[in-house]
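A.B. asks: If you want the building blocks of each chain, they are given just below.
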Amino acid sequence: MVYYLIICRSLTYAQRTAQVLERMGISGWVQRAPKLISKEGCGYCVRIPERRLTDALTILRREGMAPKQVFLQTADGEYSEVKS
Amino acid sequence: MIYLDSAATTLEKPPQVPRAAAWAMTHLASPGRGGHAPGMAAADLMYQMREQAAMLFHVDDPERVVLTSNATHGLNIAIRSLVRPGGTAVISGYEHNAVTRPLHAIPGVTVRVAAGPLFDQDGVYAAFEREVTPGVDAVICNHVSNVFGFIQPVDRVAALCRERGVPLIVDASQSAGVLGVDLEGWGAAFVAMPGHKGLYGPQGTGLLLCGGQAQPLLYGGTGSLSVRQDMPDFLPDRLEAGTHNVCGAAGLLAGMRFVSRTGVSAIHARERALARRLMDALERIPGVTVFRGWDQSGLCSAVVRGMDCEEAGEALARRGIAVRAGLHCAPLAHRTAGTQDTGTIRFSFSVFNRPDQADRAAWAVGGLAGNLKY
Numbered sequence: 033m034v035y036y037l038i039i040c041r042s043l044t045y046a047q048r049t050a051q052v053l054e055r056m057g058i059s060g061w062v063q064r065a066p067k068l069i070s071k072e073g074c075g076y077c078v079r080i081p082e083r084r085l086t087d088a089l090t091i092l093r094r095e096g097m098a099p100k101q102v103f104l105q106t107a108d109g110e111y112s113e114v115k116s
Numbered sequence: 003m004i005y006l007d008s009a010a011t012t013l014e015k016p017p018q019v020p021r022a023a024a025w026a027m028t029h030l031a032s033p034g035r036g037g038h039a040p041g042m043a044a045a046d047l048m049y050q051m052r053e054q055a056a057m058l059f060h061v062d063d064p065e066r067v068v069l070t071s072n073a074t075h076g077l078n079i080a081i082r083s084l085v086r087p088g089g090t091a092v093i094s095g096y097e098h099n100a101v102t103r104p105l106h107a108i109p110g111v112t113v114r115v116a117a118g119p120l121f122d123q124d125g126v127y128a129a130f131e132r133e134v135t136p137g138v139d140a141v142i143c144n145h146v147s148n149v150f151g152f153i154q155p156v157d158r159v160a161a162l163c164r165e166r167g168v169p170l171i172v173d174a175s176q177s178a179g180v181l182g183v184d185l186e187g188w189g190a191a192f193v194a195m196p197g198h199k200g201l202y203g204p205q206g207t208g209l210l211l212c213g214g215q216a217q218p219l220l221y222g223g224t225g226s227l228s229v230r231q232d233m234p235d236f237l238p239d240r241l242e243a244g245t246h247n248v249c250g251a252a253g254l255l256a257g258m259r260f261v262s263r264t265g266v267s268a269i270h271a272r273e274r275a276l277a278r279r280l281m282d283a284l285e286r287i288p289g290v291t292v293f294r295g296w297d298q299s300g301l302c303s304a305v306v307r308g309m310d311c312e313e314a315g316e317a318l319a320r321r322g323i324a325v326r327a328g329l330h331c332a333p334l335a336h337r338t339a340g341t342q343d344t345g346t347i348r349f350s351f352s353v354f355n356r357p358d359q360a361d362r363a364a365w366a367v368g369g370l371a372g373n374l375k376y
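Residue numbers (this note's numbering), protein chains in the order written: chain A, 33 to 116; chain B, 3 to 376.
Just chain B, with the same shape it has in the complex (with noise of 0.2 Å):
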């Protein structure tokens, strides 16, 4: 099987990250309750892991690292702690589920949307900079579109945010990892990122950067101040209540680790050259439209003429091909491109594929549209 679908998560793993999950599973226990050795060495691992993470992502203070369940989890907690009821947020037009679902649960929520064309981070920025004015509750933007790899112009957009005073929540799903992450250069109020995608780490992981004030979403224990009702109001504490995900929180140390000694650079320069040969191979084969870019990262969208883009992603898994095929929870983004009634098949790469699979994933793609010669 050749697995293209690491946008949603990635499958092949560093082995050091399945290792070092197992192994917290019998020999650490829960960090913050009992001062024995396990719970110690549990918490000592938690440590490691928000100052890898605060390295990665040049976050001033392990403290402002959150572990989250996924980058969904973070994203919630970021927008409740900064959306008002009858407020108003401005997102990019290529939002995911994960952005609009919670804006959409908050009453009264005013969403403006500043779309821009695909590929056109001109486009993009302009927009934002229509749309961002003095009193918005939060501007929400990700990094990297999770159904074209379009790379929208963050930088520019946190630049915008410091200069109009509006806090700024980036989705780095698709970019942690990948692209570099800066909190702190960005002057974010929260990142939020999954950290079994591009980090490696296993699924139910993520992390929650804090350039702000944060609201909890989940109350309970934390370890500290118990005789206190209300929640601590120090991080993570805050937002971390309950026993943590230490197995999770082990591998995804493993998995940033991996990363770091790998570098985000050659990790990007990889992939975005598999999703370039994959996409130079898809042009040619008639019938098949790919949208291509070029601020694109290592992932591409396509679709096959006269072929639904689910029965095209069926069958490309019994070719032994997997993708993912749809809206991928992005109905926003469809309609920003114009892919809303089509939906796209989408191959995503990590570190770990190979050219040989880029090619094989575009014959197989030839062999669905009725032509070989591509």
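Chain A with its partners taken away, still in its complex shape (with noise of 0.2 Å):
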């Protein structure tokens, strides 16, 4: 499967970007951000399917919370980051 991983500032900020995209009908996971991709040291991410990416950013930018960082999680594990 492949996946959109949402950066998010905060634990609290990931679960608030969860809860506006779970009421918008778009089910997020909140997770801890892949050290990888987290080059602050720990973070929290908010996992999508692909095909809702475009919902969820139209949502979270009307809702004011346009994320700073989107990446691509593909198959294999592999991460790369997305204009969001």
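Treat the hints with caution; some may be incorrect.
[As the list claims (entries may be wrong)] Footprint (simulated), chain A over chain B, 3 or more residues, beta carbon under 8 Å:
(1) 37-47
(2) 231-245
[What the hints assert, rightly or not] Not the full set, but computed from the structure, chain A residues with beta-carbon under 10 Å of chain B:
(3) ARG41
(4) SER42
(5) LEU43
(6) ALA46
(7) GLN47
(8) ARG48
(9) GLN63
(10) ARG64
(11) SER70
(12) LYS71
(13) GLU72
(14) GLY73
(15) CYS74
(16) TYR76
[Said to hold, decoys possible] Calculated from the model, a selection of chain A residues having no Cβ within reach of chain B, i.e. all distances over 12 Å:
(17) MET56
(18) ASP87
(19) SER112
Source of the hints: derived by calculation from the structure; they are not laboratory data. These numbers were taken from a predicted model, which means no experiment stands behind them. Cβ atoms here follow ideal geometry from the backbone N, Cα and C, with glycine treated the same way.
Grab the two chains, each in its own frame, and use the hints to assemble them into the complex.
C.D. replies: Okay, structure coming up:
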């Protein structure tokens, strides 16, 4: 499976992000951000299915919660940053 | 035992509060640290607690709800964030040592006291109008006096602060869970409250609602941005270094849910009715002076002529009535009301008290005063 990881500044912010998405019908999973993409140390992200990224970004921008970074997690475990 | 010391801490809790705290102790790990199930379950609980508080106290964003260890902790953060060395703070005449001592500890601070007569909201407001001038670092006002139950005109003081561009700190120690507390409506910089009084949570819990920028009091791990050595600049992490009191938060969440379900106004009405019943009875006892006013919550103070208040408190304790006597850590409030030499006996109710308990307390005081025919 391919996922997108929305990087969040804190656990609470990640929870809030996931909640906003959930209310709009997008299931997001709060998890620790992988060390490889979390340059400043411990962090959290919201994982969403590949096909929901566009909707998720639209919702988050509308709520004033546009993410700073989004990464694509491929099936082979690689990460690549995508323009959000 | 009849417990009438809920202004210090509520002793009888809704049963779900100790149940939640005990469950958390063995099922929830440290939030924001591990990504495992008990860690994430703890994170979920913390978020629910913040959301519940945000809803109850009109905070637009759960991130602005900070878990503290008590109201004093929150007030220290708020005061240290706003009041600079050499600066000026305006406080009401009914503040607790939780406000006056942190101010005293900041070098060179000028403290102006907006002292108005007891149970005179207009008088208190007029005092604030005189003292709040542009350039004041912060105004600090408790919502309800912990000594007299006097409900201060916080709505009007908040409007004054907004108009004059001065940050406001509200000490909601005696009002959270009993009166409407409204961070957004007040436009307050901070509102501090305990979790273990009117919110029926465990001792060792408190909340700080942040409307403005805050400076940390405690530095350490937050589970975020760990490479950096300065504290994160976002809430709640900025103010929550170290392991959280998750058991306390679980109990506090259960307590706040109880308050929401019961209704803040219903709780206030019940406690106020109990206090009025007690005051009616006390006023009929010769030698007993009751401090009473219209703008009063569910707590009241009294003195028994010719009897030291601490001795009266001890005597009531021996008769199975638990009250608080003395200066209640609020010498300024006693000075403002003119009771600093005598102190008072304070009776404070929770939603779990009953009318017969108010009657029995009055009867016991009547016994102390040497007159049972009240």
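A.B. asks: Are the hints correct? Go through all of them and say.
C.D. replies: So, going through the hints one by one against the coordinates:
Against chain A, the segment 37-47 of chain B contributes 4 residues with a C-beta closer than 8 Å to a partner C-beta. That satisfies the three-residue criterion, and the hint holds. Closer than 8 Å: that is the beta-carbon criterion, and the segment 231-245 of chain B has 5 residues meeting it against chain A, so the requirement of 3 holds. For ARG41(A), the interface hint holds, the least distance from its beta-carbon to any beta-carbon of chain B being 5 Å, beneath 10 Å. The restraint placing SER42(A) at the interface with chain B holds, with a minimum CB-CB distance near 5 Å, inside the 10 Å limit.
Restraint check, LEU43(A) versus chain B: the minimum CB separation of about 4 Å is within 10 Å; hint holds. Proximity of ALA46(A) to chain B holds as hinted, the smallest CB-CB distance being about 9 Å (cut-off 10 Å). Taken as an interface hint, GLN47(A) checks out: its beta carbon lies about 4 Å from the nearest beta carbon of chain B, inside 10 Å. Taking 10 Å as the C-beta contact cut-off toward chain B, the hint placing ARG48(A) at the interface holds, the least distance being around 6 Å.
Because the beta carbon of GLN63(A) sits about 6 Å from the nearest beta carbon in chain B, less than 10 Å, this interface hint is met. About 4 Å separates the beta-carbon of ARG64(A) from the nearest beta-carbon of chain B, less than 10 Å, and the hint is met. Interface restraint check for SER70(A): the shortest CB-CB distance to chain B comes to about 9 Å, inside 10 Å, so the restraint holds. Of the supplied interface hints, the one on LYS71(A) holds, with its beta-carbon coming within about 7 Å of a beta-carbon of chain B, less than 10 Å.
Because the smallest distance between the Cβ of GLU72(A) and any Cβ of chain B comes to about 5 Å, under 10 Å, the interface hint for this residue holds. Among the interface hints, the one on GLY73(A) holds; its C-beta lies about 3 Å from the nearest C-beta in chain B, closer than the 10 Å criterion. With its C-beta approaching chain B no nearer than about 4 Å, CYS74(A) sits inside the 10 Å limit, and its interface hint holds. Hint on TYR76(A) holds. Least Cβ distance to chain B is approximately 8 Å, under the 10 Å limit.
Residue-level check passed: MET56(A) sits 17 Å from the nearest beta carbon of chain B, beyond 12 Å. Look at ASP87(A): its CB is around 23 Å from the nearest CB on chain B, clear of 12 Å, so calling it non-interface holds up. A cut-off of 12 Å between C-beta atoms confirms that SER112(A) is not in contact with chain B; the least separation is 22 Å.
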